[in-house]
Amino acid sequence: MEAQLQELKTQALDKITAASTVKELNDVRVAYLGKKGPITDLLKGMGKLPAEERPKMGALVNVVREEVTTQLEGRMVILEEEAINQKLQSETIDITLPGRPVKTGNPHPLTRVVEEIEDLFISMGYEVAEGPEVEKDYYNFEALNLPKGHPARDMQDSFYITEDILLRTHTSPVQARTMEAKGGEPIKIICPGKVYRRDSDDATHSHQFTQIEGLVIGEDIRMSDLKGTLSVFAKKMFGDDREIRLRPSFFPFTEPSVEMDISCFKCGGSGCNVCKKTGWIEILGAGMVHPNVLEMAGYDSKRLTGFAFGMGPERIAMLKYGIEDIRHFYTNDVRFLSQFQRTEL
Amino acid sequence: MLVSINWLKDYVNTQQLPPAELGEKITRSGIEVDAVIDRSHGMTNIVVGYVESCVKHPEADKLSICQVNVGEETTQIICGAPNIAAGQKVIVARPGAKLPGDIKIKKAKLRGEESHGMICSLQELGIEGKLVPKAYAEGIYVLPEDAETGSDVLTNFDLNDTVLELGLTPNRADAMSMLGVAYEVGAILSEEVQLPEISYKEASDTAASMLTLNVDAPEANPLYVAKVVRNIKVQESPMWLQQRLMVAGVRPHNNVVDVTNYILMEYGQPLHAFDYDLLETGNITVRHAKEGEMITTLDDAERKLSGHQLVITNGEKPVAIAGVMGGADSEVSEATTTVVIESAYFESGSVRQTSKDHGLRSDASSRYEKGVDPNRVIPAAERAAQLLSELAGGEVLAGSVVFDELNKEEKIVKVSPDFINSRLGMKISFEDMWDILNRLKFNTEAANGQLVISVPTRRQDIQIPEDVIEEIARLYGYDEIPATLPEAETTPGGLTPYQAKRRIVRSLLEGAGLLQATTYSLTSEKSAKQFALEETETTRLLMPMSEERSILRQSLLPHLLESVTYNTARRMDSVALYETGSVFLKGDDELLNEQEHLAVAMTGLWLDNSWQGEKKPVDFFVLKGIVETLGTKLGVQLTFERGQMDDLHPGRTAFIMLDGQRIGVIGQLHPTEQKARDLKTTVVMELNLAALLNIETAALLYTPVPRYPSMSRDVALVLSKVVEAGTIETVIRNAGGKLLKDVRVFDLYEGDKMEEGKKSVAFSLTYFDPEKTLTDEEVINAHEKVLAALTEVGAELRS
Ligand SMILES: [Zn+2]
Chain A
0 MEAQLQELKT
10 QALDKITAAS
20 TVKELNDVRV
30 AYLGKKGPIT
40 DLLKGMGKLP
50 AEERPKMGAL
60 VNVVREEVTT
70 QLEGRMVILE
80 EEAINQKLQS
90 ETIDITLPGR
100 PVKTGNPHPL
110 TRVVEEIEDL
120 FISMGYEVAE
130 GPEVEKDYYN
140 FEALNLPKGH
150 PARDMQDSFY
160 ITEDILLRTH
170 TSPVQARTME
180 AKGGEPIKII
190 CPGKVYRRDS
200 DDATHSHQFT
210 QIEGLVIGED
220 IRMSDLKGTL
230 SVFAKKMFGD
240 DREIRLRPSF
250 FPFTEPSVEM
260 DISCFKCGGS
270 GCNVCKKTGW
280 IEILGAGMVH
290 PNVLEMAGYD
300 SKRLTGFAFG
310 MGPERIAMLK
320 YGIEDIRHFY
330 TNDVRFLSQF
340 QRTEL
Chain W
0 MLVSINWLKD
10 YVNTQQLPPA
20 ELGEKITRSG
30 IEVDAVIDRS
40 HGMTNIVVGY
50 VESCVKHPEA
60 DKLSICQVNV
70 GEETTQIICG
80 APNIAAGQKV
90 IVARPGAKLP
100 GDIKIKKAKL
110 RGEESHGMIC
120 SLQELGIEGK
130 LVPKAYAEGI
140 YVLPEDAETG
150 SDVLTNFDLN
160 DTVLELGLTP
170 NRADAMSMLG
180 VAYEVGAILS
190 EEVQLPEISY
200 KEASDTAASM
210 LTLNVDAPEA
220 NPLYVAKVVR
230 NIKVQESPMW
240 LQQRLMVAGV
250 RPHNNVVDVT
260 NYILMEYGQP
270 LHAFDYDLLE
280 TGNITVRHAK
290 EGEMITTLDD
300 AERKLSGHQL
310 VITNGEKPVA
320 IAGVMGGADS
330 EVSEATTTVV
340 IESAYFESGS
350 VRQTSKDHGL
360 RSDASSRYEK
370 GVDPNRVIPA
380 AERAAQLLSE
390 LAGGEVLAGS
400 VVFDELNKEE
410 KIVKVSPDFI
420 NSRLGMKISF
430 EDMWDILNRL
440 KFNTEAANGQ
450 LVISVPTRRQ
460 DIQIPEDVIE
470 EIARLYGYDE
480 IPATLPEAET
490 TPGGLTPYQA
500 KRRIVRSLLE
510 GAGLLQATTY
520 SLTSEKSAKQ
530 FALEETETTR
540 LLMPMSEERS
550 ILRQSLLPHL
560 LESVTYNTAR
570 RMDSVALYET
580 GSVFLKGDDE
590 LLNEQEHLAV
600 AMTGLWLDNS
610 WQGEKKPVDF
620 FVLKGIVETL
630 GTKLGVQLTF
640 ERGQMDDLHP
650 GRTAFIMLDG
660 QRIGVIGQLH
670 PTEQKARDLK
680 TTVVMELNLA
690 ALLNIETAAL
700 LYTPVPRYPS
710 MSRDVALVLS
720 KVVEAGTIET
730 VIRNAGGKLL
740 KDVRVFDLYE
750 GDKMEEGKKS
760 VAFSLTYFDP
770 EKTLTDEEVI
780 NAHEKVLAAL
790 TEVGAELRS
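Heads up: the sequence lines are chains A and W, in that order.
Counting along the first sequence from 1, when you hit position 286 you're at 285 in numbering that gives the first Met the number 0, and nothing is skipped either side.
Counting along the second sequence from 1, when you hit position 333 you're at 332 in numbering that gives the first Met the number 0, and nothing is skipped either side.
Just so you know, these hints were derived from the structure itself, not from any lab.
Given the structure is predicted, the values throughout are model-derived calculations rather than measurements.
Any given hint could turn out to be false.
As the list claims (entries may be wrong) - DSSO-like cross-link-like pairs, simulated, lysine-lysine; straight-line CA separation at most 30 angstroms:
no. : chain 1 : residue 1 : chain 2 : residue 2
1   : W       : K8        : A       : K301
2   : W       : K355      : A       : K275
3   : W       : K8        : W       : K407
4   : A       : K35       : A       : K8
5   : W       : K303      : A       : K147
6   : A       : K319      : A       : K234
7   : A       : K234      : W       : K97
8   : A       : K147      : W       : K355
9   : W       : K24       : A       : K276
10  : A       : K234      : W       : K355
11  : A       : K193      : W       : K500
12  : W       : K303      : A       : K275
13  : A       : K235      : W       : K426
From just these sequences and the hints, can you work out the full model?
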């Protein structure tokens, strides 16, 4: 009987090793350890043995059964793992296939530029002021030291609706309106918006375009404050190593008036096609608010002074992104618009 | 303004600065130099030739064979110019010569005849055709007889010169003359200015003996000077004068006209020459025109005059429009022997108006418009007399005929050095300020700590202390201004709630996949009111540039749809754009009611995940979902009401409502409109964004997270197709009581398994009690009431 037991054990262990799937192994379990299996049979047959042999045989059977069970369980772990691996293998996907698209749009490049400028000045304590695009001649010209008949306000250059109403030619009327509304109090604003001039549309001209202007009025505002403010702006907008220079210019609403150049951000000043070999790029016009403008809005120009500046987001976007034709901004080709998606931070 | 550096040197020492450097200095101190133009254009080997003989080419009618003495030899040159003739002095480009435009002259054979070089026109030397004297415009230029054969043409013609092109701002009218530029350069370089020396011999007869003058409009013409020069010979001007005019951008005519133009360029003072005999009356009367009076001007145009326009008359009829253009009747010609030279001060506004009325802008009017120097009117007349006696052999009658009521005093501006420094944020010393004012030739005195400055009349732009600040700062150097920041208390800054919410709307739309577009505000009559939300009159420009851009838009959609078509026409089939911008409605006052709108247009696929087989075209509900989300985000309750609008699908259009007000429209384009715009299914939306953003959003308060579970019940209903889900939803909500928290459509079936005219709509109802866990009984009770209400309105429960 003992020999029979050993034989059984060898057979069972062989079959355990041979089992290659969880199912086969389970069959082995049922076949050898099940209620109808040979080991159970042996245990049942122990009744026929002499009483003194029974404990010894019983122990032996248990040893065999435990060994078979251990082997079987060990084998089971391996086979189960194999089975999982196989399943995982079969579940492999082609990870190079494209992901499910997340559709996102983006702002117009001009909005992008305008908001960048807005945020920059907001961080310096400015508020954003807006005003009507159809404007009174008074706010567009007269309040800005451009009386009727002034050479700088040729009617041919503006879109008039009546003798006294026109499409604003700059965002400066917002400054005039703000000054009037503030009644002599200090001001710190920037004014973005659409403006209109009687130009034929071509690569560098557009009858509709945008402007963003700034105005600061307060006690003891000096021309050096204008220079410092513009310098901060230039560095934040175009890079920390930007230099600025001011050149004398003329605007009826400022005196003195300047134009600001920045050192070329492409070549750093050595000369390239962006800066037309000069090393400098003209970015904006600015100046100290003309006393007439202050007085007309009810400010005491002896007590309060101010500076103003203005620039064209189209020009800035064209320089910044290398856009060659202003008409792109108004054509809305999605192949153009969708390029202004990613951040530059 | 074109400034020849060689000419400029007549008045000021330019310190031999290279032209580019001089240009840079001028730019940095106030007047922008737009271009530095080398007049030699790299030309070489161009000499004066003498045409010894000239015969027709036997093989070519239009060519001549010329034997030309070029100094060292006589050589054969074939010439195609019609005005070539033996005995002329001409410009010869010798073999090896370089001409503008990278042209190299080589020996050549023309129809079998050798040609050793080229006889040149002025255009071939780089001079613009419109500046070449008329006699030579169509052929070669003929030099005066005394030009030295074989000598260098570049030297003869003063082409070894550089021109600075000044971009003048309107305030710097003073720099519209060579003398004005000389003063500017003198101030920059600390150099003195040499004025032309004027001297000539006068006849014993006086000008007054031949000419009488009346000025009937002293406000518009406070100063009028006339000089009379007789026995002149009208002919071509000498080369130097022709050359200087061409540099300045003026075409030479004859010596009399050229002298007036030369002085215009030199002094900035317009002059006019009348043929004395053609004036007929020996009288000049300046007056306002009679309404409807006629004059034929020098450009041969017949012009009707109005009462506010100033004219020069011979006492009877107009002979010139004052300050704008002379009349053809008294024009100087080769037959002229006696001329009247007019130098006058015409008030700028009057000239500007008249020049605008006639659409006539001349070198003269553009200077009068900006204001000429009162103290140069008389010297310019004297200078003209001098040059006419030198160049036209004229005899200048003694004295002038003058009317003079003009104030020629210098303006006094007082300003303290402290004031200057405080405005600039600088510390410029008194000495430096004094030096700069001296360089500017502003007579200055110091009194009581103030600078008392007499501003020369040539600088009409200097009126107030701030103007002086600019003069001092620009010549001291803007680079010297330090960079500071305002010292005033800092303010917080920021966006208004409206502006901040506009950004929220934008980012929501962009997150939903829409690209922001920008279109034009000006549109055509046809597009102005399409899709407009309100019915108001359109607004038209007084002088539109085109019909396409003549009216202010009342809706954004027409242009936005044009942009969609632009893209689909370029094979981009799925386009989703939005725009925010103003529309312009007639308002209560003179200004328009500008309303900020938001518009969206979508076509093509909304969802395109092709390899996973997911494709969904845009439809009404895609866009409606975006609008609903917008409402949620802004905390406003938007509702939708079935509606109709021209060019939208009659069954697929809704108005967007806010507090019972119609604030927008959403719909699918009408198939006819889609076809007209060459579009496939396209959905659009436009709403009054301002109405939405102006609503103050309520404070946000949290609702406790539910502690008890909710229970849901589904109900499938068979409804008549005309019954709207929204109606049923209202029935359910009204019947559900306070336990019913949410109702949601989760299925719609209109397929062929349904009876004709019916559809199946399934709702999911959520019941919830924040106080406790709901019992089945409570839910059943509430739900029973809902079912009863549904049955009552004829909804049939589907098993
Ligand atoms: Zn560069």
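Right, here's what the structure says about each hint:
1. W/K8 <-> A/K301: violated, 43 angstroms
2. W/K355 <-> A/K275: violated, 36 angstroms
3. W/K8 <-> W/K407: Status holds; Cα separation ~28 angstroms.
4. A/K35 <-> A/K8: holds, 16 angstroms
5. W/K303 <-> A/K147: Distance ~25 angstroms between W/K303 and A/K147 Cα, so the pair holds.
6. A/K319 <-> A/K234: holds, 13 angstroms
7. A/K234 <-> W/K97: Violated, at about 47 angstroms.
8. A/K147 <-> W/K355: Between A/K147 and W/K355 the Cα gap is close to 14 angstroms, so the pair holds against 30 angstroms.
9. W/K24 <-> A/K276: Given that 30 angstroms is the threshold and the Cα spacing comes to 17 angstroms, the pair holds.
10. A/K234 <-> W/K355: The hint is violated at about 45 angstroms.
11. A/K193 <-> W/K500: holds, 20 angstroms
12. W/K303 <-> A/K275: Not OK: W/K303 and A/K275 at ~48 angstroms, beyond 30 angstroms, violated.
13. A/K235 <-> W/K426: It holds: about 29 angstroms lies between the C-alpha atoms, which stays within 30 angstroms.
Hints 1, 2, 7, 10, 12 from the list above are not met by this structure, while the remaining hints are.
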